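Colleague: Read off the chains here:
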Amino acid sequence: AQSVAQPEDQVNVAEGNPLTVKCTYSVSGNPYLFWYVQYPNRGLQFLLKYITGDNLVKGSYGFEAEFNKSQTSFHLKKPSALVSDSALYFCAVRDSGRGYSTLTFGKGTMLLVSP
Amino acid sequence: DAGVIQSPRHEVTEMGQEVTLRCKPISGHDYLFWYRQTMMRGLELLIYFNNNVPIDDSGMPEDRFSAKMPNASFSTLKIQPSEPRDSAVYFCASSLTGKGNTEAFFGQGTRLTVV
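From first to last, the protein sequence lines are chains A and B. Heads up: take any position in the first sequence, counting from 1, add 8, and you land on my numbering. Heads up: take any position in the second sequence, counting from 1, add 245, and you land on my numbering.
Honestly, the hints are just simulated from the structure, not real lab data. Here the structure is a predicted model, which is why all the values come from computation and not from measurement. Yeah, the Cβ is synthetic: ideal placement off N, Cα and C, and Gly gets one too. Among the clues, some could well be false.
[What the hints assert, rightly or not] Here are a few chain A residues that sit away from chain B, every Cβ distance over 10 Å (derived from the structure): (1) Val-19; (2) Asn-20; (3) Glu-23; (4) Asn-25; (5) Phe-54; (6) Gly-70; (7) Thr-80; (8) Ser-81; (9) His-83; (10) Lys-85; (11) Ser-88; (12) Leu-111; (13) Pro-123.
[Stated by the list, open to error] Lysine-lysine pairs mimicking DSSO-like chemistry, simulated, CA-CA at most 27 Å apart: (14) Lys-57/A to Lys-30/A; (15) Lys-323/B to Lys-57/A; (16) Lys-77/A to Lys-323/B; (17) Lys-57/A to Lys-85/A; (18) Lys-30/A to Lys-77/A; (19) Lys-115/A to Lys-85/A.
Produce the entire structure from the sequences given, and follow the hints as far as they go.
Modeller: Listed below in structure tokens is the structure:
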């Protein structure tokens with residue numbers, strides 16, 4: 009079975025500081041990994057994905073994520089946080105070795121960026 | 246494309262009433278997903294379709310829940326009879342087949358309140 013863990017319910021960071029939102033995963037095959045963001049009263053918006061290749065993936069709004077196979081992690085990062093980045097962030101995984109499988113989401117991490 | 250369109254955005258109904266949620270996926274997408282989001286349980290996959298055919302409905306909580314996809318551009322999620330514990334935000338999402346490496350696109354959600 010595939011699973012995702014987001015160990016932090018909430019991450020607090022000051023505007024202008026770097027941010028990291030953590031994600032670890034478990035799959036039987038190779039993973040496809042995704043990050044989504046949810047703003048209040050909105051649906052989930054796709055940020056970025058790792059499929060294969062370069063371990064550092066760049067996405068929307070200046071976000072990036074680093075795939076680490078040995079640590080089974082896919083942490084979301086941004087060099088300089090903005091107040092407008094405050095939102096709920098979801099990591100998701102899909103097992104590439106099972107034909108088509110559905111996305112499994114983590115429980116989400118609330119990011120709060122203070123002015 | 247306008248993205249995934251869900252209606253209504255908000256629904257308030259009395260316990261025992263029938264509720265129907267609607268979804269129009271992105272044109273050309275062959276997978277459609279229904280999710281439920283609550284504070285307690287996070288994001289749960291209820292059911293998904295491929296080419297209008299239900300593939301996995303193991304996430305549907307009870308027989309009170311049913312979903313249909315009569316054609317490639319329309320799906321419904323029905324709750325009959327509704328109960329207060331069904332109160333949640335219901336999301337529809339769609340994606341393209343691509344060996345699983347394609348992201349899902351979410352609608353804005355329907356906030357259901359059963360009183």
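Colleague: Now tell me if each hint is right for this structure.
Modeller: Evaluation of the provided hints:
Under the 10 Å C-beta cut-off, the non-interface status given to Val-19/A relative to chain B holds; the minimum distance is some 17 Å. Here Asn-20/A stays apart from chain B, with its beta-carbon at least about 20 Å from theirs, past the 10 Å limit. In this structure Glu-23/A is separated from chain B by more than 10 Å, as the shortest Cβ-Cβ distance comes to about 27 Å. Residue-level check passed: Asn-25/A sits 27 Å from the nearest beta carbon of chain B, beyond 10 Å.
At roughly 5 Å, the least C-beta separation between Phe-54/A and chain B is not larger than 10 Å, which violates its mark as non-interface. At roughly 18 Å, the least C-beta separation between Gly-70/A and chain B is larger than 10 Å, which holds for a residue marked as non-interface. Against the 10 Å criterion, Thr-80/A stays outside the reach of chain B, whose nearest CB is about 18 Å from its own CB. For Ser-81/A, the non-interface assignment is confirmed: its Cβ lies about 19 Å from the closest Cβ of chain B, beyond the 10 Å cut-off.
For His-83/A, the condition that its CB be more than 10 Å from all CB atoms of chain B holds, with the nearest at approximately 19 Å. Distance to chain B confirms Lys-85/A as a non-interface residue, since its nearest Cβ pair spans about 19 Å, more than 10 Å. With a least CB separation of 25 Å from chain B, Ser-88/A remains clear of the 10 Å interface cut-off, as annotated. For Leu-111/A, the requirement that its beta carbon stay farther than 10 Å from each beta carbon of chain B is not met, with the minimum near 6 Å.
The non-interface label for Pro-123/A is consistent with chain B: the shortest C-beta to C-beta separation is roughly 27 Å, beyond 10 Å. Proximity of Lys-57/A to Lys-30/A is assessed by CA-CA distance (about 15 Å); at most 27 Å being required, the pair is judged to hold. Under the criterion of a C-alpha separation no larger than 27 Å, the hint pairing Lys-323/B with Lys-57/A is inconsistent with the structure, at around 32 Å. Of the pairs offered as hints, the one joining Lys-77/A and Lys-323/B is violated, with about 41 Å between alpha carbons and a cut-off of 27 Å exceeded.
Taken as a hint, the Lys-57/A and Lys-85/A pair is honoured in the structure, with Cα atoms around 13 Å apart against an allowance of 27 Å. Distance restraint check for Lys-30/A and Lys-77/A: the Cα-Cα separation of roughly 14 Å lies within the 27 Å cut-off, and the hinted pair is therefore satisfied. For a cut-off of 27 Å, the pair hint linking Lys-115/A to Lys-85/A stands: about 18 Å separates their Cα positions.
Checked against the numbered hints above, the structure violates hints 5, 12, 15, 16; every other hint is satisfied.
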